[in-house]
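A.B. asks: From first to last, the protein sequence lines are chains A and C.
Under this note's numbering, the first residue of the first sequence carries the number 7, and numbering increases by one thereafter.
Under this note's numbering, the first residue of the second sequence carries the number 653, and numbering increases by one thereafter.
You may find that some hints are simply not true.
What the hints assert, rightly or not - Pairs of lysine to any residue, SDA-like flavour, derived with a Cα cap of 25 Å:
1) C:Lys672 with A:Leu99
2) C:Lys672 with A:Lys217
3) C:Lys1053 with A:Ile140
4) A:Lys309 with A:Leu208
5) C:Lys1053 with A:Asp141
6) A:Lys23 with C:Val963
7) A:Lys23 with C:Lys1053
8) C:Lys765 with C:Gly731
9) C:Lys1053 with A:Ser65
10) A:Lys217 with C:Gln1052
11) C:Lys1050 with A:Ala80
12) C:Lys1053 with A:Leu99
13) C:Lys1053 with A:Asn16
14) C:Lys1022 with C:Thr977
15) C:Lys1050 with A:Glu62
16) C:Lys901 with A:Ala80
17) C:Lys1050 with C:Thr977
Said to hold, decoys possible - Residues of chain A clear of chain C, computed beta-carbon distances all greater than 12 Å:
18) Gly47
19) Glu62
20) Trp133
21) Glu235
22) Ser264
Said to hold, decoys possible - Going by beta-carbon spacing under 7 Å, a handful of chain C positions derived as facing chain A:
23) Pro898
24) Ile899
25) Phe1042
Keep in mind that the hints were calculated from the coordinates and are not lab data.
Note that the structure is predicted; figures quoted are calculated from it, not measured.
Glycine included, each C-beta is placed from N, C-alpha and C at the ideal position.
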Amino acid sequence: MADSIVTAENLVKRFDKLTAVDGVSFTIDEGEIFGFLGPNGAGKTTTISILSTYLEPTSGTATIDGFSVTGEAARVREIIGLVPQEIALYPTLTAIENLRFYGRMYNLGGAPLERRCREVLELVELWDRRDGRIDQFSGGMKRRINMGAGLLHHPRFLLLDEPTVGVDPQSREHIFDTIFKIRDSGTTILYTSHYMEEVELLCDNIAIMDKGRIVAAGTLKELLKLLGEGGVIELEISPPGCPVGLEEQVGAQTGVTSVRREEDRLLISSDNSARSLAPVMKVLEGRGCQVSNLELYTPNLEKLFIHLTGKELRE
Amino acid sequence: MRLPRKLWFVAAKDVLIIAKDRGAWMSLLVTPLLVIVVVSLALSPVYKGGTLHGTLLVTNHDTGSVGQQLVDAVAANPGVTIQAASNSESETLKQGSSTYAASLVIPADFSAKVQAGQSSQLQIYEDPNSTTSAPYLKGMINSAVNRFSAVEVAAKVAVTEALKQNPAAGAGAVAADATAAAGAQMSSQPIQVVSQPAAGAKELNTFDIETPGFAVMFLLFGVLNGAEGLLEERDRGTLGRLLVAPISKSAILGGKQFMVLALSITQITLLFAVGHFAFSMNTGNSRAGLALMVAVTAFTATAFGLLLAAVARTRRQAQAIGILTILLMSALGGSWWPLDIVPSFMQTLGHLTINAWALDGIKGLILHGKDFYDILPQAGVLFAYGSACFLIGIKMFKFQKA
Ligand SMILES: Nc1ncnc2c1ncn2[C@@H]1O[C@H](COP(=O)(O)OP(=O)(O)OP(=O)(O)O)[C@@H](O)[C@H]1O
Ligand SMILES: [Mg+2]
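This is chain A alone, in the form it adopts within the complex:
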């Protein structure tokens, strides 16, 4: 297993009375893409702000490549790259002027700076538009330059805060391609999003955040296991007070690996939902349960989020 490059222990950030980050701990291994998945206000940006030295935590510690984000902020700043959630560019300057400026902030200059600007512009596929002003770019193009500005100095650890917001599917593909290329060049990435598809696609490890806490973490597989392996049959049954021992009986049916009861819902995991469905229905009918709603799906983060928090990821 690779060494961890980022560690966070019990991070807390309070703004007056509001606790934006409430005891968050995690580690990120070198070379992986680590995802923060959570709805608006979950505390993703605040956590990123602490890691990037923009905000000081109220309590807790974090290190990046062994350097403390509070005590050794200057060292941390040299090795991280931040792509903020907002378009942090100078709108009246051109794409390349923006990149040159940020490159200089990272001690680049002369021919290496020019070369790096070109590489980055080619990476985000905007070399042709290098002399266009940012305020005349489309939203997706701005996003790509915004990302490019965080890559110039080959950061060892890149923090991407919702880099695909307001971007059309094609630009999104561009951005994903770019992220994989960066990862392949050895950069460790922290990716935040409230799109579960993105996190599923990109991330090796995922932390699901809600209300300032990490409610579940692990690889995609590990997380989905929380909902059961294979397919899921989700049933809403009435009357709510269903007979005792129903779970055991359902669990004994063909293919069923686990059964969980949540109030009036029954979550049945199965190796083969299609084959399990008929016997399960039969049992329910036999026990006098009315099925008012039925859903068959393969486990996904959206469902897991609902399962963990009782609410939708996107509301």
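Based on these hints, arrange chain C with the ligands on the given structure of chain A.
C.D. replies: Only chain C with the ligands this time, still in chain A's reference frame:
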């Protein structure tokens, strides 16, 4: 002190942004120039001689001839028209309602007193709203009186001498003859006093008076732009991006403020240059003094801008507070009218502003012929003022978004 290299990159980036911003140039140079030119041209008759003239209303109660001789002497000036008046007419002017700029009342015993060598009094009523004609007429009367007094003295000397040589003649008769003869000489053959500017001194130019005041005011508006630019960087997140990059806060703020300072110096220098080359604005005798005043005024304005950015929570708030304080400071501090015309407590109050100290120094050089050493106190006060604003501004400025 070696300034960090990145400070210059931050400043250079702002140069690039400003260079592309036509609106900024408009508000930094074009607007101030238009205002200065309009105000200077509009107010030039108020300050300038030009074509001076006026009608003097005269009420002559004098029973002798001296009063009339004096009136004739005043009337001899080309711009003066004499209008004889009844008593009631001069009373109206006294009460302040007349179309005449000034009136002169000569008392009945005027000749008698003058001839007896006693002091006598002439009464002048001026229309307070006439800023050019009334002072002009008054000046003409005073100069006639002065000449007349000189004639009196000459006559007395002549009488004394005549009596020494011919004691038999009656003193009273000789004196009367001499005065009459001298008086006749006075109006028929006056000593021509031709007034013209002394060699080397320039004629007063309204641009000398108006340019510094408005330049300082627009300088403050210029730094307000700078303050807004700083808050805009914070709002937009570019400042946040710099904060997590390997550059110190002092280099970020230093670069931005250096740029505001450089732009301020450029702005005021260009305004003075246009005033000087296009409208013959005087620049005083000390270029070094003017350069010092420009530099220290720009410094203080820059610091004031930083303080604005520090106390305002948002860009809009900075704009609102900025416009209010700049207009107040400009009115109080003499940017719109000279402070010599306001009551003394307002002058004291005015010296709480940057404008007053800057204008004391700059106008001292331009209008009152002061030199480098004379304006050091004003420069010193401004520098202290600016340093205080800077220190408070740096302490209070919040880099993070609220
Ligand atoms: N500077 C601040 N002052 C006060 N409250 C703040 C500040 N920054 C964030 N918060 C609050 O902290 C909570 C977490 O915000 P954060 O921006 O970290 O969420 P997020 O997960 O990034 O959400 P989003 O998906 O909308 O970007 C929110 O309730 C937010 O209002
Ligand atoms: Mg966020």
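A.B. asks: Does each hint hold? Answer for all of them.
C.D. replies: Quick rundown of the hints versus the structure:
{"no.": "1", "hint": "C:Lys672 with A:Leu99", "result": "holds (8 Å)"}
{"no.": "2", "hint": "C:Lys672 with A:Lys217", "result": "violated (44 Å)"}
{"no.": "3", "hint": "C:Lys1053 with A:Ile140", "result": "holds (23 Å)"}
{"no.": "4", "hint": "A:Lys309 with A:Leu208", "result": "holds (18 Å)"}
{"no.": "5", "hint": "C:Lys1053 with A:Asp141", "result": "holds (22 Å)"}
{"no.": "6", "hint": "A:Lys23 with C:Val963", "result": "holds (24 Å)"}
{"no.": "7", "hint": "A:Lys23 with C:Lys1053", "result": "holds (17 Å)"}
{"no.": "8", "hint": "C:Lys765 with C:Gly731", "result": "violated (30 Å)"}
{"no.": "9", "hint": "C:Lys1053 with A:Ser65", "result": "holds (20 Å)"}
{"no.": "10", "hint": "A:Lys217 with C:Gln1052", "result": "holds (22 Å)"}
{"no.": "11", "hint": "C:Lys1050 with A:Ala80", "result": "holds (19 Å)"}
{"no.": "12", "hint": "C:Lys1053 with A:Leu99", "result": "holds (23 Å)"}
{"no.": "13", "hint": "C:Lys1053 with A:Asn16", "result": "holds (24 Å)"}
{"no.": "14", "hint": "C:Lys1022 with C:Thr977", "result": "violated (30 Å)"}
{"no.": "15", "hint": "C:Lys1050 with A:Glu62", "result": "holds (14 Å)"}
{"no.": "16", "hint": "C:Lys901 with A:Ala80", "result": "holds (11 Å)"}
{"no.": "17", "hint": "C:Lys1050 with C:Thr977", "result": "holds (21 Å)"}
{"no.": "18", "hint": "Gly47", "result": "holds (16 Å)"}
{"no.": "19", "hint": "Glu62", "result": "violated (10 Å)"}
{"no.": "20", "hint": "Trp133", "result": "holds (21 Å)"}
{"no.": "21", "hint": "Glu235", "result": "holds (41 Å)"}
{"no.": "22", "hint": "Ser264", "result": "holds (45 Å)"}
{"no.": "23", "hint": "Pro898", "result": "holds (5 Å)"}
{"no.": "24", "hint": "Ile899", "result": "holds (5 Å)"}
{"no.": "25", "hint": "Phe1042", "result": "violated (24 Å)"}
The structure fails to meet hints 2, 8, 14, 19, 25 from the earlier list, while all remaining hints are met.
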